[in-house]
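Novice: This is what each chain is made of:
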Amino acid sequence: MSEFLNQFKQLTATGYLFWVLAILALLSAVWVVTARNPIHSVLALIATFFCLSGHYILLNAQFLAAVNIIVYAGAIMVLFLFTIMFLNLRREDEESKTNLTKMAAVVVGGLLMVMLITIFRAKSAQVPTFNPVSFDSRTGLVENLGSILYSDYILPFELASVLFLVAMVGAVMLGKREAGDRHF
Amino acid sequence: MLTDFGIILLFILAAFAFIGIVLFVARLLRPNRPNEEKNSTYESGEEPVGNANIQFNIRYYVVALVFVLFDVELVFLFPWATVFGQVRLINETNGSWGWFALTEAFLFVGILGLGLAYVWAKGYLDWVKPQPKIPRVDTNVPADLYQRVNDKYSHSKP
Amino acid sequence: MFPIVLLSVFGILLLFLGFLKSRAILLPAALLFLLVSLAVNFIDWNKTYLYFNGMLLSDNLSMVFTAIVLGSAFMVVALSGSFMEDESAQPAEYYGILLFSLVGALMMIGFENLIMLFVGVEILSVAMYVLTGSDKRNLRSNEAALKYFLMGAFTTGIMLFGMALLYGATGSFTLGGIRAYAVNPQVGLSLLFYVGLLMLLIGLLFKVSAAPFHFWTPDVYDGAPTLFTAFMSTVVKTAGFAALFRLLSISFSGVYTFWWTILAIITTLTLVAGNITAVYQNSFKRMMAYSSISHAGYLLIGLAALGQQTKQAIVFYSLAYSVATIAAFGVLLLVARQRNAETITSGGSSSESFDAFNGLARQNPLLGFAMAVSMLSLAGIPLTAGFWGKFYMFSTAVERGQIWLLVVAVLMSAVGIYYYFRVIIAMYFREGATAPIRVAPFYRYVLVVATLLTIGLGIAPGLLEGLF
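Chains as they are written, first to last, in my numbering: chain A, 1 to 184; chain B, 1 to 158; chain C, 1 to 468.
Warning: the hint list may mix true and false statements.
Below, a list of computed lysine-lysine pairs in the BS3-like style, where the Cα atoms sit at most 25 Å apart [claimed, not checked]: (1) 136(C) with 122(B); (2) 176(A) with 136(C); (3) 176(A) with 21(C); (4) 122(B) with 176(A); (5) 136(C) with 311(C); (6) 21(C) with 136(C); (7) 21(C) with 122(B); (8) 136(C) with 147(C); (9) 21(C) with 102(A); (10) 147(C) with 176(A).
Simulated restraints, written as ranges between beta carbons of each label pair [claimed, not checked]: (11) 215(C) with 94(B): 55 to 65 Å; (12) 54(C) with 21(B): 40 to 50 Å; (13) 127(B) with 43(C): 47 to 57 Å; (14) 139(B) with 337(C): 51 to 61 Å; (15) 250(C) with 96(B): 31 to 41 Å; (16) 118(A) with 44(B): 50 to 60 Å; (17) 47(C) with 134(A): 49 to 59 Å.
Since the hints were made in silico from the structure, they are not lab data. Each residue gets a CB set at the ideal place from its N, CA and C atoms; glycine is no exception.
Pulled out of the complex, with its shape left as it was, chain A reads as follows (with noise of 0.2 Å):
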């Protein structure tokens, strides 16, 4: 316990950041699953993606952060809205878990966390750390990513043009209104 203490108080500005950013992000993501009202879910999971956004800053990668809030936070989230008032989910519903369901899912999400955790605790999973010399703050910048996407990767990058034209194209034709459905 006192380890702990005294590691806590070497923590840096940044490591502060890190803990609270991770609890929130923690807490914020329980609050997903256990929240009975499909809204505060979503909403919980907003607070989840600005969390993550927070560590991505810190781990300078500051344009997927912009994107993660425009993106995922924005557009994102207003599909899950979309599609939860298309549901019209009621509260009589919602027993269509069983006990058994529960505690599967439970069952595998911890062995994949204890997985998860094993791994990168492990000695020979151990990645390179800050070194203070060859650190680029500038690596996670725009600049970078622009000038690696429309060289090295261009053709992956226009393919991804194909990838959402057929979203695009499928989702609406699936969603099409078919002669006889409601008109509101």
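With chain A held as given, fit chains B and C onto it using these hints.
Specialist: Frame of chain A; chains B and C shown alone:
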């Protein structure tokens, strides 16, 4: 000595603090006399009925999805904007870099633009407009009879 | 390389051709586009190129896989004449999405960078989710699409996580970079590397429906419109195995001792689960779903026993399997449509059950023969392509000395004969009142070509050997 992101963090903290202070000050200053009318949901002066959580039409979803795709496309254009005009890259490639980058982005935007054109032309973005049914009654009375009657008697009055 | 670009353009073209008044042009256009792509594919024959800064490899093997995929797609599209009669169908969209999905499949075949693999898998999967649910009035189709989508999205996440871990361990997304790390580790391989490899494998094994990741397959194959089931069980499977082969043979051959046991266990599970469950099915379509699982198992043998012959075995097996499967689904399409028309008037058994084939061969000798040949080929009877496919697969196992894998596979093939012969018995020896089914000429050509190909490859398997 603050880094750039330290300043942003300060901004965020200041924003939260500002909201808190304003709300707290308002609480100190305002009178607090709630009644049932004041506590009810505001619905343009109407009596609110039922739950706001109703089932939406799927068409909203199509629009939202198209929006998400273009949002992602926009995100891809940010990095492009920063490297498109880079003098170093243009000099290295004898000026062909600019054209190359321009073609890349136009291809990307063009394919998605074609997608939008497709969705638009197919009419998936159109809302179903209500088509009012004009009631028709089979009668021998001509439609302009009332008008004629009105005209006749409105002038005869002194 | 060229087919990828062309197919993207052609897909967009087809979407816009849908605006024309006449639907009749769509099918010929789609077939023409596929033929052009197939022809263009062979421009680089006998040459090896790396395109776009080492993103895409074009060599003879990838071209052969591309040809199999495009050929299967061509045959499936050729069987799609019924779209034109269906009022609620949207053929332009179907064909467009099919062509786009082929772009994804070709990326999976020729990828040299994991990003390419990921984008390819995504394009192919998204297209398949949509096509599975394209029969909007059918509840089973809707359910299948939703199931496929939810599980598929989840496994894509796992796969992506695996790629991230691999990158973390090796510092490279390219196949060569990962290989260099695995072959020549400086301080021993990182644990992240192994976990990343496993997660990547799980993602791809899900796509080819290997046990224990196969639970989606029966529902999805059963619920999807039959034509798209044929597409899924041929194109997606071939592309998935091409991707698996590239990954395992190039990047991870250095750690063969690590993954071969895992893969061998998965192979055994897949063979047993697919074959045993197929025996208990009453619906032909569902039986074909389980049979496709079992064929994934046979294909996995070649990977678990990775060696000199694997390349040839996988190419031959995918070709034999694709051709036979398309012929079987083609006949099923006709029979089911006929039965549906009949049940409206008389009321009878389900249009896709084994009983639907009762007495088929008497009135429709061509359909009966095509179906019988494809069943024999899938069962692996000599003088059909399927026999040589199995023969090559089994000989890879022998080469590696994995005798127990061989024993399981042979036993399971014996089980397979039982359910494939049920169809043949129903067609030739059962009584049933089947009116002659009208087969459109083009449809007939596809069935004849598929049957001839199956028999031809069965008699002269050496035809393919010189190709790559």
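Novice: Next, verify each hint and record whether it holds.
Specialist: Results of checking the hints against the structure:
no.: 1; hint: 136(C) with 122(B); result: holds (18 Å)
no.: 2; hint: 176(A) with 136(C); result: holds (10 Å)
no.: 3; hint: 176(A) with 21(C); result: holds (19 Å)
no.: 4; hint: 122(B) with 176(A); result: holds (10 Å)
no.: 5; hint: 136(C) with 311(C); result: violated (40 Å)
no.: 6; hint: 21(C) with 136(C); result: holds (23 Å)
no.: 7; hint: 21(C) with 122(B); result: holds (13 Å)
no.: 8; hint: 136(C) with 147(C); result: holds (15 Å)
no.: 9; hint: 21(C) with 102(A); result: violated (53 Å)
no.: 10; hint: 147(C) with 176(A); result: holds (20 Å)
no.: 11; hint: 215(C) with 94(B): 55 to 65 Å; result: holds (57 Å)
no.: 12; hint: 54(C) with 21(B): 40 to 50 Å; result: violated (57 Å)
no.: 13; hint: 127(B) with 43(C): 47 to 57 Å; result: holds (48 Å)
no.: 14; hint: 139(B) with 337(C): 51 to 61 Å; result: holds (53 Å)
no.: 15; hint: 250(C) with 96(B): 31 to 41 Å; result: holds (33 Å)
no.: 16; hint: 118(A) with 44(B): 50 to 60 Å; result: holds (58 Å)
no.: 17; hint: 47(C) with 134(A): 49 to 59 Å; result: violated (41 Å)
The structure fails to meet hints 5, 9, 12, 17 from the earlier list, while all remaining hints are met.
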